[in-house]
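**Student:** Here's the letter readout for the chains.
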Amino acid sequence: MNKIFILTSAVLAFIAGTTNAIAAPAVDEIINRANLAAYYGGDDGRAEVVMTITDSQNRARVREFIILRLDQKDGGEQKFYVYFTKPTDFKRTVFMVHKHMDRDDDRWMYLPKLALVKRIAGSDKRTSFVGAHFFYEDVSGRSVDEDTHELIEETADRYVVKNTPKNPADVEFSSYTVWIDKKNFMPMKAEYLDKEGRRSRVVEALEVKDIQGFPTVTKSRVQDLVSGGETISEFKNIKYNIGLQDNIFTERYLKKPPKEVRN
Amino acid sequence: MQKAIINTKRTGGIMAALLITLSAVSGWAEEDQSWRERLSANYQTEVTGFTEIRSGWRLADDPHEDDDSINEMRLQLDLNKEFTRATLKLKGDLVGDLVDEETRAELREFNLQFSPLEIMDVKLGRQVNTWGTGDLLFINDLFPKDWESFFIGRDDEYLKGPSCAVKSSLFFGIFDLDLVYMPRVAPSVYIDGSRISYWNSMLGRTAGQDFVFADQQRDNFGSDFEFASRLAKSIGSTEVALYGYYGFWKTPEGMIPATNLLYYPRLAVYGASLRAPMLGGIGNLELGFYDSLEDRDGADPLIRNSEWRLLTGFEHELARNLTGGIQYYLEYMQDYNAYELTAGPTPKDEYRHLLTMRLTKLMMNQNLRLSLFVYYSPSDQDSYLRPKFNYKITDRWTVDGGFNLFFGAEPHTFFGQFEDNNNAYAGLRWNF
Chain P
1 MNKIFILTSA
11 VLAFIAGTTN
21 AIAAPAVDEI
31 INRANLAAYY
41 GGDDGRAEVV
51 MTITDSQNRA
61 RVREFIILRL
71 DQKDGGEQKF
81 YVYFTKPTDF
91 KRTVFMVHKH
101 MDRDDDRWMY
111 LPKLALVKRI
121 AGSDKRTSFV
131 GAHFFYEDVS
141 GRSVDEDTHE
151 LIEETADRYV
161 VKNTPKNPAD
171 VEFSSYTVWI
181 DKKNFMPMKA
191 EYLDKEGRRS
201 RVVEALEVKD
211 IQGFPTVTKS
221 RVQDLVSGGE
231 TISEFKNIKY
241 NIGLQDNIFT
251 ERYLKKPPKE
261 VRN
Chain C
1 MQKAIINTKR
11 TGGIMAALLI
21 TLSAVSGWAE
31 EDQSWRERLS
41 ANYQTEVTGF
51 TEIRSGWRLA
61 DDPHEDDDSI
71 NEMRLQLDLN
81 KEFTRATLKL
91 KGDLVGDLVD
101 EETRAELREF
111 NLQFSPLEIM
121 DVKLGRQVNT
131 WGTGDLLFIN
141 DLFPKDWESF
151 FIGRDDEYLK
161 GPSCAVKSSL
171 FFGIFDLDLV
181 YMPRVAPSVY
191 IDGSRISYWN
201 SMLGRTAGQD
211 FVFADQQRDN
221 FGSDFEFASR
231 LAKSIGSTEV
241 ALYGYYGFWK
251 TPEGMIPATN
261 LLYYPRLAVY
271 GASLRAPMLG
281 GIGNLELGFY
291 DSLEDRDGAD
301 PLIRNSEWRL
311 LTGFEHELAR
321 NLTGGIQYYL
331 EYMQDYNAYE
341 LTAGPTPKDE
351 YRHLLTMRLT
361 KLMMNQNLRL
371 SLFVYYSPSD
381 QDSYLRPKFN
391 YKITDRWTVD
401 GGFNLFFGAE
411 PHTFFGQFED
421 NNNAYAGLRW
431 NF
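Chain order of the listed sequences is P and C. Going by our numbering, the letters in the first sequence line up with residues 1 to 263, in that order. Going by our numbering, the letters in the second sequence line up with residues 1 to 432, in that order.
It is worth saying that the hints were derived from the structure and are not from the lab. Treat the hints with care, as some may be off.
As a list, the in silico EDC-like pairs of lysine to aspartate or glutamate whose alpha-carbon atoms are at most 20 Å apart [said to hold, decoys possible]:
#1 C/Lys233 x C/Asp178
#2 P/Lys259 x C/Glu118
#3 P/Lys236 x P/Glu48
#4 P/Lys255 x C/Glu46
#5 P/Lys91 x C/Glu109
#6 P/Lys118 x C/Glu46
Bear in mind the structure is a predicted one, so any value in this text is a computation, not a measurement.
The shape of chain P in the complex, shown without the other chains (with noise of 0.2 Å):
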């Protein structure tokens, strides 16, 4: 009797055990493969972005520009150049960022104008990249170690995640829920509450294609529900695997621009 009663104990730990085992990691395994598809595309790349930013009384300002990036491991560490060609006051400006994982990311601007390489900080993540309503954030990804993760809802197509920042004093949102394709993990829409609990920012793929192999948002729109303007990304020429070298991502390269961007 008392063997039975530890065996039956075991064996509903065990399947206890198991049951959390797989429930656990399920939404982490959701969370990494939807930062995979969403930045990890290829092991780099090269796309040619027009974002148009428009302030809620509808003027519209356009930036354009060329984004290369390079992998240094899949789910790890990554490095972006930003080539901006217009507007014409700004052609030439660089912006570029060591992503890591450990610590906060090296970012800087090359400004042509005053030939300054200038180092920004790379804790201020959650601010306009380059006045749109897209942060900094929102372009390089945002590290999943930073949130819980919770997966509230699974509808016929979407996984539902639910994400809590472990410091809620470093954002300006108290949570946001990501809505995830369950075919191939591209998060198709993040809605983000502001502190008193409002949806305040939406982002969402407007446009999701194959591009060699890999599922590739090609057309993103964030909505600035508080202030009623919008951001929409629209990205062309899309390349993955084109062998970019890892020296791109230096000084030099910012003076000097490499034939990647050039055309």
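Let chain P serve as the given structure and place chain C on it in line with the hints.
**Tutor:** Just chain C, lined up with the frame of chain P:
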């Protein structure tokens, strides 16, 4: 700075001609959006630029200077042509200057950039260079600066002056080495009294157009050369660099007794810098020794003594779209006793301490930038405030404005001497 000057009292007429040309260019640009694409596709040439009008006013009468601090029209053309193995860059300004009553062409860049080796870049010709870690403070950056432009409200771009140089950069992987040779020294544009009044220690009073400094230019091509070098290395996120410079003081820090002319004594500078992320911001530290080669023991009262210079700073985001930066800067004069004996009634201090603060606020989707830069010296008891705004009306039109405000307890200190030159300015720019 070399400038082609068309000296004429009819600057107004030339400016009108400039205006007509500009409107023709702009009309052309607006009419046919594809001209740029055609240039790019057919000739691998990119052309951008701007035209602007800029006016400024003195906030108080200065008996030594004109009422207008700045009043000019400017056209800048920036041309880049790609060849298979090189890039040609030409950037120049045409300026109608109503204060100096002249129309002039300023060549800012005219250079060829190529890579003779996999690990080497060369830039040959007229170019603008800068390095170091300070924010509007320069220790190891001995490339020419235009302080006059800075004080009267021209765009920050014009603080950095051009020089004719050969710049070779070598990228060894473990470190980078920049070698810049300028066959003829490119001095800074300093305050000589023509547009900004200053303390004249010889006269013992403030002077301006009544006593415009004359200096003896160093213009011997080859022998009046400058050489600047930098060895830079990144260790993780930390950037370290060593610097060496051989040339001349960038402002005329010596005087020829026979002629009372100012001249540029020989100078060597050795320094180092460090820049790294820290405490959620960016910290920097820079040090330099200014070796005044013609007066190494400080015995010659007509030549500036050797100096140690140090700066340290920290920049951090204070709130969303609000960035703050602070710096501490020190100049320590060597052989101060020797200096003091002959310095006259208004000597400089042995230690000059300077604090700076920068606040930058971005608003309206970053189309409006408000900034304030303050220099304050507790030892000189003077300060210089630069409040500024810049608003992008559209992607093409920009309006900006600001103040240059000098305060000082005494009329002879570094910033205090410019107290009569407080000014306001505004500019309107069209980018194409």
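**Student:** Each hint needs a verdict: does it hold in this structure or not?
**Tutor:** Going through the hints against the structure:
Restraint check: the Cα-Cα separation between lysine 233 of chain C and aspartate 178 of chain C comes to about 11 Å, which is no more than 20 Å; the hinted pair holds. Taking the CA atoms of lysine 259 of chain P and glutamate 118 of chain C, the gap is about 14 Å. The hint holds against a cut of 20 Å. With a CA separation close to 5 Å, the supplied pair lysine 236 of chain P and glutamate 48 of chain P stays within the 20 Å bound. The hinted pair formed by lysine 255 of chain P and glutamate 46 of chain C meets the criterion: a straight-line CA distance of about 17 Å does not exceed 20 Å.
For the given pair, lysine 91 of chain P sits about 16 Å from glutamate 109 of chain C by alpha-carbon distance, which is consistent with the 20 Å threshold. As the CA atoms of lysine 118 of chain P and glutamate 46 of chain C are separated by approximately 25 Å, the hinted pair breaks the 20 Å bound.
Going through the hint list in order, the structure does not satisfy hint 6, though it satisfies all others.
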